[in-house]
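Novice: Sequence:
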Amino acid sequence: MSMAGSTRAATTIRIPVSGMTCAACQARVQRTLQREPGVADAAVNLMMHDATVTYDPGAVTPERLVEAIRATGYGAELAPPGRTAFEEQAERDRAVQRELRELTRKAIVSGVVGVAAMAAMALGHVPWLNHVLLVVTLAVMGWAGRRFYTRAWSAFRHRSADMNTLVAIGTGAAFLYSAVATVAPRLFLRSGLAPDVYYEAVMIIIALILTGNAFETRAKRDTAAALRALIDLQPKTARVLREGAERDLPVEAVRGGDTIVVRPGERLPVDGEVTAGESAVDESMISGESLPVAKVPGARVIGGTINRTGSFRYRATTLGSDSVLARIVTLMRDAQGSRAPIQRLADRISAVFVPVGMSIAIATFVIWFVLADGAPAARGFAAAVAVLIIACPCAMGLAVPTAVMVATGKGAELGVLIKGGEALQRAGDVRVVVLDKTGTITEGRPRVTDVVVADGTSEDVLLRWAAAVESRSEHPLADAVVRTARERGLAPLPEVTAFESVTGKGVRARVGGQSVAVGNTALIEREGADPSQLRAATERFAGEGKTPVLVAIDGRLAGALAIADPVKPEARAAVERLHAEGLEVAMLTGDNARTAHAIAAQAGIDRVVAEVLPEQKVAEVKRLQEGGRVVAMVGDGINDAPALAQADVGMAIGTGTDIAAEAADVVLMRGDPRGIAQAIELSRRTMRTMKQNLFWAFVYNVIGIPIAAGVLYPVTGLLLSPVIASAAMAFSSVSVVGNSLRLRRTRFA
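Numbering (the working numbering), first residue to last: 1 to 749.
The hints are simulated quantities; they were obtained by calculation from the structure and are not laboratory data.
Hints may contain errors.
Now the in silico label distances, taken between C-beta atoms and shown as ranges [as the list claims (entries may be wrong)]:
hint : residue 1 : residue 2 : range
1    : H131      : E91       : 43 to 49 Å
2    : L176      : A10       : 32 to 38 Å
3    : H579      : G738      : 43 to 49 Å
4    : I108      : W696      : 23 to 29 Å
5    : R556      : D322      : 51 to 57 Å
6    : R101      : D429      : 38 to 44 Å
7    : E243      : T11       : 23 to 29 Å
8    : E246      : R526      : 56 to 62 Å
9    : G265      : R510      : 49 to 55 Å
We put the beta carbon where it would ideally sit given N, CA and C, even for glycine.
Could you put together the complete structure from these sequences and hints?
Specialist: Structure (structure tokens):
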């Protein structure tokens with residue numbers, strides 16, 4: 001239901017749902033939620049066993065949504081308030097493990113009893129054997145198969161049907177038929193029918209379906225492996241410096257501003273900023289970056305990463321649900337619980353499978369009863385039960401969500417966070433990739449690349465004096481000069497007096513009794529110096545995409561600095577890979593055209609739009625979208641956020657701003673532009689897997705139902721037994737999940 005016209009902000013909630021076993025269950029819960037007043041969207045996930053609902057809190061409450069789910073016959077409850085993503089996932093893992101143990105135990109027991117019953121019946125007719133098997137089968141149905149019958153009854157009370165309905169009717173009918181044949185065999189004999197029994201079939205069908213459920217549950221556990229690996233990164237304790245002493249405290253007791261002490265080989269407990277010491281930190285599990293990252297005072301560190309070499313101290317900043325690791329876990333859980341648009345096709349097909357399957361089963365029995373040349377009731381009954389069992393649309397319901405879960409987990413391993421099934425599907429349709437320059441193609445951190453002297457002044461003296469003057473400026477290029485001087489060991493910088501900023505030209509000040517000016521040609525000429533003697537060098541710098549900065553001392557030209565934001569080493573390889581995928585690549589930047597074209601040439605980009613404002617970036621993306629082309633926009637700054645939102649697929653470089661990451665559909669945690677191609681390739685492979693899953697799930701039912709009904713019998717004499725039908729049904733679900741799990745082994749260059 002649309003919430004158009006509502007003045008309230010929409011709220012999203014995740015509600016755990018229990019009892020769902022197939023696509024029909026999932027579809028019924030979803031339709032019910034979408035019909036609730038105030039609900040804008042509802043995504044029910046069979047793999048995650050939850051519902052993600054976006055709603056207007058002024059029109060409907062979470063409690064009402066829970067009641068709506070329960071009214072469909074499934075269990076639902078609100079998650080306890082204040083529970084973190086770590087705790088929610090841990091509880092889900094425990095529940096999956098409990099379910100797996102229960103299913104395995106019941107499958108083994110019912111299977112062993114069923115095989116024993118089959119062996120006993122093969123030994124010959126024993127007068128009392130059927131009575132014993134009646135009691136044993138009833139016990140197996142009540143213990144191992146209870147879930148099918150209680151859920152089928154609940155669905156019946158709510159005027160619906162699902163997989164449990166088919167299993168319950170099939171095995172229930174077989175048991176009742178056998179029970180009557182056992183207790184009153186003369187009823188069959190008077191009608192000329194053999195009092196056949198199907199006790200062993202009932203038990204083995206239950207065992208096989210439970211075995212399939214156990215394999216599915218185990219696969220569900222495996223699909224969440226990447227998510228569990230992230231959660232396991234969170235240490236339980238932190239070494240905190242309080243009142244001059246180091247104390248080991250539970251990580252929950254850490255407060256913002258606390259000083260954390262980390263030694264070599266230890267995991268960082270929380271996010272923070274280094275205050276003392278230096279080290280190299282392994283951030284591979286967070287960003288996918290294989291090489292340790294150097295950390296010095298002022299550097300940002302992330303909880304869950306591993307300190308490799310030196311010891312250091314850092315100040316705790318973001319904690320709990322605001323930490324980088326917690327946000328990644330939440331993002332992954334949301335993505336895995338989301339729906340890909342292709343899921344709608346599976347939902348439409350699954351919605352009719354159960355009633356169609358029941359109708360075909362009834363028709364099968366009637367046709368066999370009328371046309372069979374011998375034992376029509378027995379044959380018709382067996383064929384009808386086989387149709388009911390094989391018509392379960394389990395595989396259809398697992399086809400898409402399993403692929404989404406595995407793909408988003410694989411993306412996280414690569415440092416590519418994909419925000420849901422819709423973004424995952426759209427990324428594969430991208431035809432044009434638009435790249436921002438700063439922070440995407442370039443490193444986003446300007447530095448001095450060249451120093452040229454004009455009057456015999458040494459490079460170190462020139463750079464040191466220029467840095468001293470620039471240290472009083474707030475311009476980004478000034479920061480590059482100061483940082484480079486410090487990196488070269490030229491600190492401490494000389495004292496500066498009489499500092500003056502000349503708008504649009506540069507800065508000037510007195511250093512050591514001398515007048516020093518740092519800026520463009522206009523400023524140097526104003527100081528009375530002649531910049532022409534370094535014109536060749538400055539023109540070369542500009543042609544290379546660098547910004548030339550001249551330095552004058554006491555009215556004479558002392559030299560020039562070239563400042564550049566270097567192109568990332570991986571940028572050209574990333575662009576070449578995008579071209580190899582048949583994608584058009586363009587660059588948008590607010591920089592001047594000459595610098596932009598020089599950077600583009602280094603990266604291998606042949607289309608450049610320079611000197612554009614943020615709103616002009618949005619207009620350019622819209623223009624590219626004309627004609628139905630799917631556009632991906634990649635950026636890292638606040639000024640990129642509007643264009644990221646406008647694009648069909650927005651990709652944010654994870655080293656950039658939170659605003660850009662919030663507006664994006666995909667976050668590249670490493671800051672490596674090669675992740676763009678990885679995201680697109682992952683999407684395309686995932687879509688292939690989804691289509692394979694849907695195809696085989698559909699074909700399985702299309703082929704299996706006629707065979708179960710006996711269409712091959714007139715030609716081959718083949719009649720599918722209910723036991724074989726249950727094995728085939730279980731195998732279809734397991735094969736779909738197994739095909740999705742292949743994505744985990746996919747390698748990306």
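Novice: The structure should be examined with respect to each hint, and the outcome stated for every one.
Specialist: For each hint, the structure was consulted:
1. H131 - E91: 43 to 49 Å: holds (45 Å)
2. L176 - A10: 32 to 38 Å: violated (50 Å)
3. H579 - G738: 43 to 49 Å: Cβ of H579 to Cβ of G738: about 35 Å, so the range 43 to 49 Å is violated.
4. I108 - W696: 23 to 29 Å: holds (28 Å)
5. R556 - D322: 51 to 57 Å: holds (54 Å)
6. R101 - D429: 38 to 44 Å: holds (42 Å)
7. E243 - T11: 23 to 29 Å: Between E243 and T11, where Cβ atoms are some 42 Å apart, the hint is violated.
8. E246 - R526: 56 to 62 Å: Holds - the Cβ-Cβ distance for E246 and R526, about 58 Å, lies within 56 to 62 Å.
9. G265 - R510: 49 to 55 Å: The hint (49 to 55 Å, Cβ to Cβ) holds, given that G265 and R510 are roughly 51 Å apart.
Checked against the numbered hints listed earlier, the structure breaks hints 2, 3, 7; every other hint is satisfied.
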